[in-house]
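Peer 1: Listed below are the residues making up each chain.
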Amino acid sequence: MKPPLLRSPDGLVAGVCGGLAVHLGVQLRVVRVLMVLLALAGGAGVFLYAWLWIFVPMASDRVAAPLRFAPAALKTPPPPALFLPAATALPSPAAPHPPAASAEPGNAAPPVAGAFEPAPRRTGGRFRPGRKELLLGVALLLLAGVFTAQELGFAVSLRQVLPVAAAGVGAVLAWSQLDDARREGLRNKAGADRAAGLARLLLGLVLVMVGVLVMVSGTISWDLTWATLLATGAVLAGVALVLAPWALRFWKDFEDERAGRVREAARAEIAAHLHDSVLQTLALIQNRAGSEQDVVRLARAQERELRHWLYSDPAGHSGNLTERLRALAGEVEDSYGHPVEVVAVGDAPLTAGQEALAQAAREAIVNAAKHAGGTVSVYLEAGPSGSEAFIRDRGPGFDPLAVPADRLGIRESITTRMQRHGGTATIRSGPDGTEVRLSMPEQENRSHD
Amino acid sequence: MTDEPVPNNLPPSVSVVVVDDHAIFRSGLRSDLDSRIRVVGEAATVEEAVAVVRARRPDVVLLDVHLPGGRGGGGAEVIAGCGDLGATTRFLALSVSDSAEDVVAVIRAGARGYVTKTISGAGISDAVFRIASGDAVFSPRLAGFVLDAFGTAAVASTGTELDRLSARELEVMRLIARGYSYKEVAKELFISVKTVETHVSAVLRKLQLSSRHELTRWAAERRLL
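Taken in sequence, the protein lines are chains A and B. If you read the first sequence in the UniProt record's numbering, its first letter stands for residue 1, the second for the next number, and so on. If you read the second sequence in the UniProt record's numbering, its first letter stands for residue 1, the second for the next number, and so on.
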């Protein structure tokens, strides 16, 4: 089965040749040479290219569809080259980059390398390094060709070439704007790139208009040109007036459809998540119904995971102390099967000292789960001046001084670790249970070592 | 709170209404509750809950925070709908949710306590007795919410200030967040259990009445707790 015809997101101009090459299963170079030959044959290639550009969708548009959720879609592996990790597309699991796509040195055709490499996120410039030089080279080559033709006796006047070139460049600029608009429209509505896009569109328009004007003005007088321009402007304005309601409705439909698609994508993501997590766990629980401990452990782990997914804020506290301690507590809960209740107030960035506190807390939780059992209460209070953690269990208690010297747990992993980073650890144990208090002041000057 | 003796000044038996939209949870809770607790009614939606509570007038309502029906307000809407019953009927919020928005909403609507649904049968029975005798029930998590909302450093200069906690209230909240029972808090601070209860009730009142605008904003911002 042939891979679908999709435009490569990394093409030289619009990715048409790349898409064709993948679709037809021929080398990219061959397609490009053919396209250029066709273009020389009375411009047929140019029209073909433009036609495909308009009607063939971008690969990234397709990937945006909920690929992960539909297992059927994974049966036919997507063409590796086309499913490059587009900026927001889901990380496609089956996308090994073909090593064969590396550069072939000494190749006169547009370099293959780059066309198929995973695109670095294009945030700043539209052109990747290398492409600008390439375009410059093409322009210089054209110029050289023009001069050579003049030397050989063909009368190629600049007056004929420049307007055509201007109109062509303008058209490409405006069209690439359309391309980006389609992509960006699906991606984000933030409109960070608005100004640049608008500038590009205006530049393209001006170039096309100037080019056409100069072309026309070569044959008719200026007076007539101005009159024609005025008339054209009037007609365009009239057409715009007539088409405005239609365009508005089209825009509204587009917006509606987009909103619907976003909803659908969100629903698919939720369904996929529930399928991967909750349904699997429920199946496991049915299997293990005999073992109470397994069932409890599965349920706790699933609950924690689901809670994290539901309530963790997307702004991301990941990498902070609270998150770290919760994750560590979750691990202990999984391995020992005793619930660990974490209550956290405030938060702090995870410096070396706070990481030591989290690790010491983990050790204390492990001790509590191992020796005391039952619920372990963990309270964390973090702020700019430092952080404190309390780990409490309700076991029979022990005498911290009576612990044999060869038992490394408390001494090495908790007390010494805290002291090494400038913190303290106190252990209080009695018949009502044991409480470990860990305190770590925030050192301003400390580097992240 | 599980290993705590029930306060002495208890009514001989306590009547409760269980409001939860899951029948399995309701029946489980019914069988877990202490024998001195009589379940006099059950409800699954906001409308049913308001009707049953009004008809039965129980001492305590065990109220799920998330309920179908009504205008979508869940448990808080039930409390608002029963507002004219006065202090004879008290509400204990039950939830699986960790979201601060939910908790703060139901407490500010007038619930006297908040516990998670994973609590043991003995734990919830104890909580029901406490609520019935007029105390507030704070789980470690709720204490954590309070500390996060009011700040761990803000100390009220006068006892009547609603936007801040007093030093003693802060201490009590911290110990509860660390997993201490009321009795253990009392022992730790060398005060009586009754005094601990007074402090907790004062904090609950501040949580309900404080016009501290940060409180709602905070609850909306911090959804993970």
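Any given hint could turn out to be false.
What the hints assert, rightly or not - In silico BS3-like links for lysine-lysine, alpha-carbon gap of 27 Å or less:
id, chain 1, residue 1, chain 2, residue 2
1, B, K117, B, K183
2, B, K187, A, K252
3, A, K370, B, K194
4, B, K183, B, K194
Simulated from the structure, these hints should not be mistaken for lab results.
Peer 1: Now tell me if each hint is right for this structure.
Peer 2: Tested hints:
no. : hint                 : result
1   : K117(B) with K183(B) : holds, 23 Å
2   : K187(B) with K252(A) : violated, 67 Å
3   : K370(A) with K194(B) : violated, 35 Å
4   : K183(B) with K194(B) : holds, 9 Å
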